Amino acid sequence: MYNPTVARLTCRALLGRRRALILCALPALLLVVAAVVRAMNGADDAVTSELLGGFALATLVPLIGVIAGTGAIGPEIDDGSVVYLLSKPVSRTSVIVTKLLVATGTTAVFSAIPVLIAGFILNGNSQQLAVAYALAAAVGSIAYSALFLLLGTVSRHAVVIGLVYALIWEALIGSLVPGAKTLSVQQWALALAEKVAGSSADVNSSVGLVAALVLIVVVTVGGTLFAGQKLRTLTLAGEE
Amino acid sequence: MTTIHIDRVSRWFGNVVAVNDITMDIGPGVTGLLGPNGAGKSTLIHMMGGFLAPSNGSVTLEPSPGPDGRPVTAAPIWRNEDSYRHIGLVPEREGMYDFLTGHEFVLANAELHGLPDPRAAAAEALATVEMEYAQDRRISTYSKGMRQRVKMASALVHHPSVLLLDEPFNGMDPRQRMHLMELLRKMGDEGRTVLFSSHILEEVEQLASHIEVIVAGRHAASGDFRKIRRLMTDRPHRYLVRSSDDRRLAAALIADASTAGIEVDQAEGALRIQAVDFTRFTTLLPRLAREHGIRLYTVSPSDESLESVFSYLVAA
Chain A
1 MYNPTVARLT CRALLGRRRA LILCALPALL LVVAAVVRAM NGADDAVTSE LLGGFALATL
61 VPLIGVIAGT GAIGPEIDDG SVVYLLSKPV SRTSVIVTKL LVATGTTAVF SAIPVLIAGF
121 ILNGNSQQLA VAYALAAAVG SIAYSALFLL LGTVSRHAVV IGLVYALIWE ALIGSLVPGA
181 KTLSVQQWAL ALAEKVAGSS ADVNSSVGLV AALVLIVVVT VGGTLFAGQK LRTLTLAGEE
Chain B
1 MTTIHIDRVS RWFGNVVAVN DITMDIGPGV TGLLGPNGAG KSTLIHMMGG FLAPSNGSVT
61 LEPSPGPDGR PVTAAPIWRN EDSYRHIGLV PEREGMYDFL TGHEFVLANA ELHGLPDPRA
121 AAAEALATVE MEYAQDRRIS TYSKGMRQRV KMASALVHHP SVLLLDEPFN GMDPRQRMHL
181 MELLRKMGDE GRTVLFSSHI LEEVEQLASH IEVIVAGRHA ASGDFRKIRR LMTDRPHRYL
241 VRSSDDRRLA AALIADASTA GIEVDQAEGA LRIQAVDFTR FTTLLPRLAR EHGIRLYTVS
301 PSDESLESVF SYLVAA
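Line by line, the protein sequences are chains A and B.
Mapping to UniProt numbering: the first sequence position 32 is 32, numbers consecutive.
Mapping to UniProt numbering: the second sequence position 247 is 247, numbers consecutive.
Be aware that a few hints might be false.
Selected chain A positions facing chain B (Cβ under 7 Å, derived; list incomplete) [stated by the list, open to error]:
1. Thr5
2. Gly16
3. Val83
4. Lys88
5. Leu236
In short, the hints are calculated from the structure, not lab data.
Predicted model, so just to flag it, every value in this text is computed and none were measured.
Quick reminder that beta carbons are idealized off the backbone N, C-alpha and C, glycines included.
Make the full structure from the sequences, and use the hints.
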């Protein structure tokens, strides 16, 4: 299922200069904001929850997910180099699963770890907030990666669609409109954070934990299977 | 000895038919797939390479008989990853992990094939295409010809019995072209099935003993190159001629057997001449003009473009 060569190629493509810069910029911003907030307000659980939930989980994680998820396959399909992966006796499912692992790992490293550090900066992990949100970010990374990897295989405009989804659905509608919340990866991840964080902490998800976990598994597995299917029947546009 | 069977294959994109009911077998040796741009060559190669499903018909790969001599049944190439054990693909597009060095790229290809000793295989393939000297440079720094050779190395790394190349000579300089031709000729002599596409007659003439001609999605001609070449040169040649006295010139020309028809084009103020014996006509025209004291202002072949050569072939 896991192909080390595919993983190596995907990693190097993902962490190429420009993309790595964007991947570093967003977490850096979070850490700077966290430091500034701590310096100005002192440790405050409510503010911590607001920043990690409202900014990190709602914006940072989906954005990193878009960059890593679509970047793990989109550019290869665009420039045609994916031919070299696919014209091999390697199952397309294993190509997708490997790319999912790389995208998930990248998203988690560039979102969950900064969230954890930011949490410690903000309130020293009081009420387990840092750990709760970092865990939520890590779990969210899996679903986002699968979703955006699929998007990368089906559309040439994956980045744009992904950004619109991340910014409008997850950051705006998913946070504000009650009905839409159920269908938001962010809320599923929050359900986990709610469980881990202390009972008096202000972490609320509109989705129950079991439902959230089921939805995450469904999206991840379904998205990966569908992406594998797309890859098996990938046709290369002729240049005639 | 591997053969690709193309059996009544059509492929359409929406309303456009790119490949129209083609049947052919591509066997050992070098085969040239010739046709003007947009004829459907790439579409056909994509189907042979398993990157496009035929809308109709089948494309199958029949590997050489196993060690016990029993024939192996032909298997469809579409959605069959195993067929890549036999196929080496040299795509036309340039995208090829530019951030890798040539060596890293070929090595990755060897690993993906699951070869027992990928390093040795990569080194051998790079030596075959004579790219060792630049193997540690990034592909992004390569010239078009160098990229083409590294693509070749990646396709050869697992010693495939079938090699499919889409317009491999595009953008190569004459020396690189010669080198690649030599290499392909050698592969063909070794009994591999080598198929390359080209829209340039001379390339195909130099390299392939067997050619398949595709025009407008149809299989126009197949077989020995000399036969097809003769068809192409024996076709009526059309000329547009302007002179000081078109009608007198026309009368003199039609008396000779080398012309089949002459039209006085009033609007153009010129003669449209159809010549059947090309060599004789080209010596006859100036001689007749001189004998009759007629000045020639324009003599231009009106159908020398490749497309018209091909369309003649379709009619033949």
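message: Does Thr5/A hold up as a contact with chain B if the rule is Cβ-Cβ below 7 Å?
response: 4 Å, holds
task: Identify whether the interface hint at Val83/A stands, where standing means a beta carbon of chain B within less than 7 Å of its own.
output: Constraint on Val83/A satisfied, holds at 5 Å.
Restraint satisfaction for Leu236/A [CB to CB of chain B, less than 7 Å]: Cβ of Leu236/A sits 5 Å from chain B, so the hint holds.
query: Given Lys88/A was flagged as interface, is its beta-carbon under 7 Å from a beta-carbon of chain B?
result: This interface hint holds because 4 Å falls under the 7 Å limit.
query: Against chain B, with CB atoms and a cut of 7 Å, does the hint on Gly16/A hold up?
result: 6 Å, holds
No hint from the list above goes unmet by this structure.
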